[in-house]
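Engineer: Chain residues, written in single-letter form:
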Amino acid sequence: MEILGFDNPVFAQFAFYSTVLILKTIGLALLIIRSRIKRKVFAFPEDCSQIIVGKHHLKPTSDDAYIERLRRCHLNNLENVFPFVTVGLLYVLTEPEASTAALYFRIFLLSRVVYDIAFIRALPQPSRTFSYLTGVIIICIMAWSVLQKGTL
Amino acid sequence: MEILGFDNPVFAQFAFYSTVLILKTIGLALLIIRSRIKRKVFAFPEDCSQIIVGKHHLKPTSDDAYIERLRRCHLNNLENVFPFVTVGLLYVLTEPEASTAALYFRIFLLSRVVYDIAFIRALPQPSRTFSYLTGVIIICIMAWSVLQKGTL
Amino acid sequence: MEILGFDNPVFAQFAFYSTVLILKTIGLALLIIRSRIKRKVFAFPEDCSQIIVGKHHLKPTSDDAYIERLRRCHLNNLENVFPFVTVGLLYVLTEPEASTAALYFRIFLLSRVVYDIAFIRALPQPSRTFSYLTGVIIICIMAWSVLQKGTL
Numbered sequence: 145m146e147i148l149g150f151d152n153p154v155f156a157q158f159a160f161y162s163t164v165l166i167l168k169t170i171g172l173a174l175l176i177i178r179s180r181i182k183r184k185v186f187a188f189p190e191d192c193s194q195i196i197v198g199k200h201h202l203k204p205t206s207d208d209a210y211i212e213r214l215r216r217c218h219l220n221n222l223e224n225v226f227p228f229v230t231v232g233l234l235y236v237l238t239e240p241e242a243s244t245a246a247l248y249f250r251i252f253l254l255s256r257v258v259y260d261i262a263f264i265r266a267l268p269q270p271s272r273t274f275s276y277l278t279g280v281i282i283i284c285i286m287a288w289s290v291l292q293k294g295t296l
Numbered sequence: 145m146e147i148l149g150f151d152n153p154v155f156a157q158f159a160f161y162s163t164v165l166i167l168k169t170i171g172l173a174l175l176i177i178r179s180r181i182k183r184k185v186f187a188f189p190e191d192c193s194q195i196i197v198g199k200h201h202l203k204p205t206s207d208d209a210y211i212e213r214l215r216r217c218h219l220n221n222l223e224n225v226f227p228f229v230t231v232g233l234l235y236v237l238t239e240p241e242a243s244t245a246a247l248y249f250r251i252f253l254l255s256r257v258v259y260d261i262a263f264i265r266a267l268p269q270p271s272r273t274f275s276y277l278t279g280v281i282i283i284c285i286m287a288w289s290v291l292q293k294g295t296l
Numbered sequence: 145m146e147i148l149g150f151d152n153p154v155f156a157q158f159a160f161y162s163t164v165l166i167l168k169t170i171g172l173a174l175l176i177i178r179s180r181i182k183r184k185v186f187a188f189p190e191d192c193s194q195i196i197v198g199k200h201h202l203k204p205t206s207d208d209a210y211i212e213r214l215r216r217c218h219l220n221n222l223e224n225v226f227p228f229v230t231v232g233l234l235y236v237l238t239e240p241e242a243s244t245a246a247l248y249f250r251i252f253l254l255s256r257v258v259y260d261i262a263f264i265r266a267l268p269q270p271s272r273t274f275s276y277l278t279g280v281i282i283i284c285i286m287a288w289s290v291l292q293k294g295t296l
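If you read the protein sequences in the order shown, they are chains X, A and G.
Every letter in the first sequence is one number past the one before it in the working numbering, and letter 59, counting from 1, is 203.
Every letter in the second sequence is one number past the one before it in the working numbering, and letter 78, counting from 1, is 222.
Every letter in the third sequence is one number past the one before it in the working numbering, and letter 40, counting from 1, is 184.
Hints listed in this document are in silico derivations from the structure and should not be mistaken for laboratory results.
Errors might be hidden in some of the hints.
Chain copies aren't distinguished; within one or between two, either way the pair holds.
Unchecked claim - The calculated lysine-lysine pairs, modelled on DSSO-like cross-linking and capped at a C-alpha distance of 30 Å, are:
1. K182 <-> K199
2. K203 <-> K182
3. K184 <-> K203
4. K168 <-> K199
5. K293 <-> K184
6. K168 <-> K182
7. K293 <-> K199
8. K293 <-> K203
9. K293 <-> K182
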């Protein structure tokens with residue numbers, strides 16, 4: 145059985161959770177586009193030159209608080225999902241126990257869903273920070289397994 | 145034959161297109177550096193403390209529209225090329241038909257080249273949005289193949 | 145012997161350096177959180193609504209120069225570490241000579257450590273630009289090896 149093959153349950157789970165996390169990140173990008181159209185907040189002149197509000201052409205702007213919030217949430221997804229996917233792939237190659245690996249993958253996905261909700265809805269802190277740190281801890285646990293098998 | 149080996153035509157194509165896309169992203173970063181030097185627009189004091197314009201030392205600034213445009217284009221590349229490369233690797237492991245895979249990889253690269261040109265030259269919309277969404281659709285198609293083989 | 149297995153010294157080294165680089169990037173994110181708390185600089189209302197300075201609630205702000213410096217350093221890590229990890233994995237699959245590969249991995253890690261120090265401490269240029277370009281050159285060398293084996 146190939147370690148990096150869908151017959152390996154650890155890999156099949158990793159592939160599923162990684163893909164869901166990446167699709168979620170792309171979903172956030174699409175949500176930003178939708179919110180820009182709804183709120184008429186565009187960052188570049190070519191995005192709004194044909195939109196007329198009152199008697200004036202819409203001007204580009206970069207300081208809508210909600211759009212900035214979504215952008216930061218999206219950026220935080222990028223900076224956490226890619227470490228998960230890359231360290232996760234190396235972690236799968238350390239041949240971990242399937243149930244342990246599945247637990248880590250699920251906690252990570254859950255922590256990132258909570259993070260997004262906490263950030264977008266501006267829930268009271270430390271909900272956002274705690275969910276962020278949960279994800280970071282999962283990455284660090286997987287990284288530790290990889291470092292023990294890797295060599296300088 | 146190894147699935148993740150250059151003897152597998154799907155992998156060999158994936159490796160080629162992924163690398164070209166990453167080099168293109170790095171190329172954009174280098175273009176930003178070149179444009180900063182040309183336009184004398186630097187974000188940090190240590191970058192411009194030795195440059196004298198008129199009788200004054202050049203001051204750092206973050207609000208050059210063209211530099212901001214390049215930075216956003218570069219960031220958009222990061223947020224799309226890495227999903228392509230990571231989902232793409234998982235997609236290669238689903239053992240797709242070589243000609244179908246090649247078609248997806250080529251459309252993605254083409255869509256990203258059009259995106260960069262549309263963004264940097266500020267071409268009329270929806271050229272930028274359409275090329276962006278084309279890339280997103282390709283990632284989603286590959287993701288769908290992975291999800292069908294992966295497990296919860 | 146599996147190419148993507150810890151018995152392969154090239155892969156074992158790649159796994160080690162990639163993981164260290166990703167942990168370093170996450171470490172920068174944690175440093176940003178620590179600096180925000182220390183300097184009382186928060187970007188969103190829910191982060192600081194319970195903090196009282198003088199007789200007023202702390203207001204969110206995005207223009208602390210040191211925090212911006214850390215954020216840009218972190219972003220630059222993202223945009224260089226992920227190309228290293230993804231191109232690096234493809235490079236490992238080209239079966240390079242172990243000592244050559246190890247040399248590239250070490251130079252890359254060193255260049256990124258120098259970059260971080262140069263950026264965070266605002267060392268005189270071109271220390272930051274040179275360390276950045278060193279990392280870029282390493283990625284390009286590995287990319288070149290991949291492109292020679294990949295196909296259109």
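Engineer: Indicate, hint by hint, whether the structure satisfies it.
Structural biologist: Hints versus structure:
When the C-alpha separation of K182 and K199 is checked against a cutoff of 30 Å, the pair qualifies only within one copy, where the shortest distance is 19 Å, while the shortest distance between copies is 38 Å. For the homomeric pair K203 and K182, the shortest alpha-carbon distances inside one copy (15 Å) and between copies (27 Å) are both at most 30 Å. In this assembly of identical chains, the alpha carbons of K184 and K203 lie at most 30 Å apart whether taken from the same copy (9 Å) or from different copies (26 Å). In this assembly of identical chains, K168 and K199 lie within 30 Å of each other by CA distance neither inside one copy nor across copies; the values are 39 Å within and 41 Å between.
With identical chains, the CA atoms of K293 and K184 are never at most 30 Å apart, being 52 Å at best within one copy and 40 Å at best between copies. Within a single copy, K168 and K182 get their C-alpha atoms as close as 21 Å, which meets the 30 Å cut-off; across copies the closest is 32 Å, which misses it. For the identical chains of this complex, K293 and K199 are neighbours neither inside a copy (66 Å) nor across copies (54 Å), given an alpha-carbon limit of 30 Å. Taking CA atoms no more than 30 Å apart as the test, K293 paired with K203 passes in neither setting, with 55 Å inside one copy and 47 Å between copies.
Taking identical chains as interchangeable, the C-alpha atoms of K293 and K182 are never at most 30 Å apart, the minima being 50 Å within one chain and 37 Å between chains.
Checked against the numbered hints above, the structure violates hints 4, 5, 7, 8, 9; every other hint is satisfied.
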